[in-house]
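Quick note, the sequences are listed as chains E, L, H and C, same order.
Here the numbering used here is used: the first residue of the first sequence is 15, the next is one more, and so on.
Here the numbering used here is used: the first residue of the second sequence is 15, the next is one more, and so on.
Here the numbering used here is used: the first residue of the third sequence is -13, the next is one more, and so on.
Here the numbering used here is used: the first residue of the fourth sequence is -13, the next is one more, and so on.
Hints were generated in silico from the structure; no laboratory data involved.
Every residue, glycine too, gets a C-beta built ideally from N, C-alpha and C.
Certain hints may be false.
25 angstroms max Cα-Cα, derived BS3-like pairs, lysine-lysine [as the list claims (entries may be wrong)]:
no., chain 1, residue 1, chain 2, residue 2
1, L, Lys104, C, Lys188
2, E, Lys214, E, Lys166
3, L, Lys78, E, Lys78
4, E, Lys78, L, Lys40
5, H, Lys188, H, Lys132
6, H, Lys188, C, Lys216
7, E, Lys104, E, Lys214
8, C, Lys121, C, Lys35
9, H, Lys216, C, Lys188
10, L, Lys214, L, Lys233
In silico negatives: residues of chain H with every beta carbon more than 10 angstroms from chain C [to be verified]:
no., residue
11, Lys121
12, Glu155
13, Leu198
14, Arg267
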Amino acid sequence: MELKQRNAEAGTSANGRAFEAETRVKSNREVNGEYRQLILDAPQKILDCQPGQFFHLLCPVTSKHQPYLRRPMSIYGYFPEKGELHFLYKVTGEGTQALAELNEGDTLNVLGPLGVGYTIRDDWNNILLLARGVGLATLAPLAHEARRLGRKLTAICSARNPDVLMSIDLFTEMGAEVITVTDTEGTSDLENVASIIRTKIANGEVDALYTCGSNRMLKLLQDVGAEYGIPGEIALEQQMACGVGMCQCCVRSFRRSGKITHERVCREGPVFDIQEAMGW
Amino acid sequence: MELKQRNAEAGTSANGRAFEAETRVKSNREVNGEYRQLILDAPQKILDCQPGQFFHLLCPVTSKHQPYLRRPMSIYGYFPEKGELHFLYKVTGEGTQALAELNEGDTLNVLGPLGVGYTIRDDWNNILLLARGVGLATLAPLAHEARRLGRKLTAICSARNPDVLMSIDLFTEMGAEVITVTDTEGTSDLENVASIIRTKIANGEVDALYTCGSNRMLKLLQDVGAEYGIPGEIALEQQMACGVGMCQCCVRSFRRSGKITHERVCREGPVFDIQEAMGW
Amino acid sequence: MVNLTTKIGALTLRNPIMPASGTFSEDLADVIDLSVLGAHVTKTVTREKRGGNPTPRVCEVRGSMLNSIGIPSKGIDHFIQNVIPFYKAYDVPLIVSISAHNIDDFARICEEISVPGVDVIEVNISCPNIEEDGKAFAMRPSSTHKVMTKLRAVSDLPLWAKLTPNTGETTEVAQAAQDAGADALVVSNTLLSMAIDIHSRKPKLGNLMGGLSGPSLKPIALRMAYQCAKAVDIPVIGCGGISTVEDVVEYLIAGATAVQVGTATFINPTTMVTLISNLERFLESQNISNVRELIGTVRDNDAADSVVFMEAAP
Amino acid sequence: MVNLTTKIGALTLRNPIMPASGTFSEDLADVIDLSVLGAHVTKTVTREKRGGNPTPRVCEVRGSMLNSIGIPSKGIDHFIQNVIPFYKAYDVPLIVSISAHNIDDFARICEEISVPGVDVIEVNISCPNIEEDGKAFAMRPSSTHKVMTKLRAVSDLPLWAKLTPNTGETTEVAQAAQDAGADALVVSNTLLSMAIDIHSRKPKLGNLMGGLSGPSLKPIALRMAYQCAKAVDIPVIGCGGISTVEDVVEYLIAGATAVQVGTATFINPTTMVTLISNLERFLESQNISNVRELIGTVRDNDAADSVVFMEAAP
Ligand SMILES: Cc1cc2nc3c(=O)[nH]c(=O)nc-3n(C[C@H](O)[C@H](O)[C@H](O)COP(=O)(O)OP(=O)(O)OC[C@H]3O[C@@H](n4cnc5c(N)ncnc54)[C@H](O)[C@@H]3O)c2cc1C
Ligand SMILES: Cc1cc2nc3c(=O)[nH]c(=O)nc-3n(C[C@H](O)[C@H](O)[C@H](O)COP(=O)(O)OP(=O)(O)OC[C@H]3O[C@@H](n4cnc5c(N)ncnc54)[C@H](O)[C@@H]3O)c2cc1C
Ligand SMILES: Cc1cc2nc3c(=O)[nH]c(=O)nc-3n(C[C@H](O)[C@H](O)[C@H](O)COP(=O)(O)O)c2cc1C
Ligand SMILES: Cc1cc2nc3c(=O)[nH]c(=O)nc-3n(C[C@H](O)[C@H](O)[C@H](O)COP(=O)(O)O)c2cc1C
Ligand code: FES
Ligand code: FES
């Protein structure tokens, strides 16, 4: 075979959906004992995001921390007008510990935006989101989008204790009705949360349900959603290597038209139909 | 066999010759285009050094540089009274590049002091050292020691051009007679240096010769030393892993009583009898 | 202008940089221009549909990663209908990696995948041969020879045999593949490894063990590429831990005719594009006008064979 | 108080931390108190005097190192007269590593080194057997069995066989060593690797190739230690890439009864001392009163054997 010459016209070029980009840290402050907020100065091209999408972060390497793979993080906020990209993260292991040591002015290589975000169908005028812990990060942009689209939003925010409740102001600012439930106050148990949602539904205040992360929330919203025929979406997590769909490591099982399928969280997700998602 | 109980009296404990210690960077400044000087705030216990000894530095790991092994560096200065340890280094590869990025206040793990340094015999009243480039680092403490012992010192400093001549002030301060030779001025060729030394010897101004590093200097001083029966020492370099004598990677060949032996640069050296050393 | 083209048998590549199987897919077009690559190499495909291994399928180890993806496969029909057409849009050779757990299945997929649009078949013989004791074909010269001979008979396309590092017989396996008609060797696949979560005490991979890839693998795969290049006359394609242009050059000097880049693309999806331009710049800086001038130029004369042989194990 | 003692056959160690052969010597007494270690393990010694390999004998690779020291040896007489007496001052078991290039020499040194002061003979069978094709004894079950059988006959001391990762037959070799009378296995030695200086185009090691050690080796050696612990009944001593207490615990959970620490001591000469106290602290934090409670507690039930077997190579 003869040498195939490179031909700029033939062949698709990068379709420009996701970018590997260098950003600069604007701030990286503790929000409370467990969570930190990272604000990046980011190029415009990576700020065309959808709520529920994520970035894959190349955490810094130091003498103390040597993460190798990237770490997936939901977009907590994207602000093209300010050129800002926000993340809210919990410090757990090597990668997030390394992230926590970033200082203002440091650079951070990010890859994104990645994945498929939440949908808000035209006829979903009343939406309800249920968030706990760092799940708030994932759901915050959805609140922004709801306001932009003029939808009515109820946000149920759950936490261990009132001290670690985050982002309530953010949701309030977005015009949401915020309901807080906590473990210490004994209001965050599934029954109570379910009954709050049932009441809302009975009042005709819920066209769609949204959540992310945990198995317990998934079960809860699957049950309530099925009971009342209310659609919903959930953002899922899974270990990731590539983040763009190549390695097939991030699959989860889904119930789809009577069969069990494997879908990639990074590519077909991270947001999935709540009834198709399977507990783990 | 029964459990051998730990017995604090039996068995030698660490003999405290060398220490793994954390130091703090006081300054790390460029000396000229190629060389940098690192000043460390060091604990007293590691400052009981001999000229010609070295430390084994654990260079920092960053996203850009990931050195793994330690890097051997001659002691450029040790000052127990100030609690300071100085190094003079040339930025060449990954490890020294990482060193160059240390900032004031950063910590640096060092291991030392290591190896066998220069000897100044009681009857060596006039000593001559020949240094080029970063070799000045190795020979500087010898000048200090010579002054402390009240010996007369001649320092021949060689460099590519006058701009990169370093430490001349230091040698002058130590009361040395400093002779500079450079490539650009055409004074650093072996013949010229040899003739300078020969003249000194003829004037009875040299009881011992010292140098370090290069093959060319070794040959030169071996020849002149043999010719006039003047003893001498050279500090040698070799790739090192452990730095303390365990791995046997740092051997060089020596001519000793008619046989060729292998000696560890880190343990039997880095300073060796100049006539025993073999070119490479 | 520097000439980056390299030849693997009759096939000329515009440059020696291509992805490694399983670390590349159509999806990468979201981030880079796939038309700049030396070749496109697809994830190993099997005839039948397969689910792949349990999760977690990857984990991190110091400076590298383990994976036990398995070979999830939508089957050969889906592949022929969907994947091959995607790559037809590019003027870049398409290398299709295939596998099977016995020789007959291997022969069938090899025959069936020999369709227009496919330029080379990469034979992933680093997978278990269940007809024998379950050790991978590429762990032994005999099973390597047997499977490659069979495949050679059923396809006219160039066959690249992909070797495994999980063997003590690298050169013998390489020679067996060549003898059986392989057109090139890809050296190598991942190395069997393990990691355990000390808190849960569970293996970090759902499948207990997995393959090591990334920088940790480089010195091992480089040694194998060197050994293979010495042992055979067919081209060797280096693979294992490549992430910088220095790595690429090291493999070429060791005797590789081209290289595959795997895990590095997960860390920086633009790696291959960067490597191509950095390779060009490196050659310019060294006044080398043709990349082929590097291949196999390792100065190994000093090390007498006998020494190597006797003392290699420290 | 946490109990750190561990037993290798009849030998009780005060803790499971000991150095790896070739990465430890009397010289370390300059930096640490050698009396705290679980055992002392000496550099492999041969009967005859040997010079070792050409320099450079070490080089760095990403996050790890290669070495081709060879086995420079002052001979067995020097060893018996100088080295053994040094360690007699310590109340710590002395493990002497021996090697030879053929079975007869191996037997002779094994017999001659069985002297008072030596508690265990570690048999470094990861070295080339020049009577056969030069592959290391430990690369094949047959040659492992042969040499260990011979050594078993000439010494009454416990024999630990040190395995090599340069084989595709880890479990078979482990079983052969056990069958031939080995009292324990040390898993493992270094992995054959290579690095080339791209500027000089010369191999970075004087001996062309050398052994990989350090963190890169860990997932490989851990996998081998796990495989061996499953395959044999004698104790397995884990070795490869250990530098943190998490690494130690991972090996113990995988089935190792004790561990050897090599390259990490080059990076931090105080590593072993730190590991001992950190292991104590770790156990306290987990409310584990005896380190032996960790050994072999890996929760591998989920992974069906068949899956492992079929899909291990990705
Ligand atoms: C799509 C997506 C969005 C996410 N968004 C957020 C967010 O907004 N804020 C936040 O705090 N966390 C988020 N996470 C979880 C976050 O990725 C992990 O907490 C993080 O990777 C942990 O890394 P580590 O090195 O600190 O922990 P370690 O436990 O040391 O990580 C070891 C390995 O496991 C992986 N891992 C560990 N936990 C998770 C997890 N929950 N999901 C996927 N991989 C994991 C790591 O990426 C790494 O490869 C998200 C995860 C996904 C998949
Ligand atoms: C006893 C001794 C004293 C030294 N004193 C000084 C000094 O005072 N100032 C100074 O600038 N340099 C000194 N050197 C040389 C210094 O160790 C090397 O320049 C340094 O290790 C290079 O590391 P790198 O990572 O920057 O270079 P790289 O070339 O990337 O190093 C790669 C590897 O080679 C080793 N290496 C490279 N060059 C040398 C060398 N010349 N000697 C030994 N190992 C080497 C490195 O340690 C490392 O392991 C000394 C060397 C020795 C043995
Ligand atoms: C996630 C993942 C999946 C892989 N899948 C395959 C595969 O399907 N077929 C194959 O031959 N090799 C596969 N490999 C091995 C790579 O092609 C390559 O040989 C190996 O990763 C070493 O190269 P690297 O260090 O550059 O990643 C896979 C590797 C990874 C990391
Ligand atoms: C410099 C060096 C020399 C070694 N010499 C020997 C040796 O003489 N005999 C032996 O059995 N193993 C030898 N080894 C291998 C180590 O004992 C150990 O098996 C290997 O390094 C893996 O452990 P690590 O990763 O903790 O270093 C040597 C290793 C190194 C790095
Ligand atoms: S992380 Fe690679 S496919 Fe999803
Ligand atoms: S560096 Fe290890 S013996 Fe000298």
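- request: List in ascending order the numbers of the hints, as given earlier, that are violated by the structure.
  value: 5, 7, 11, 12, 13
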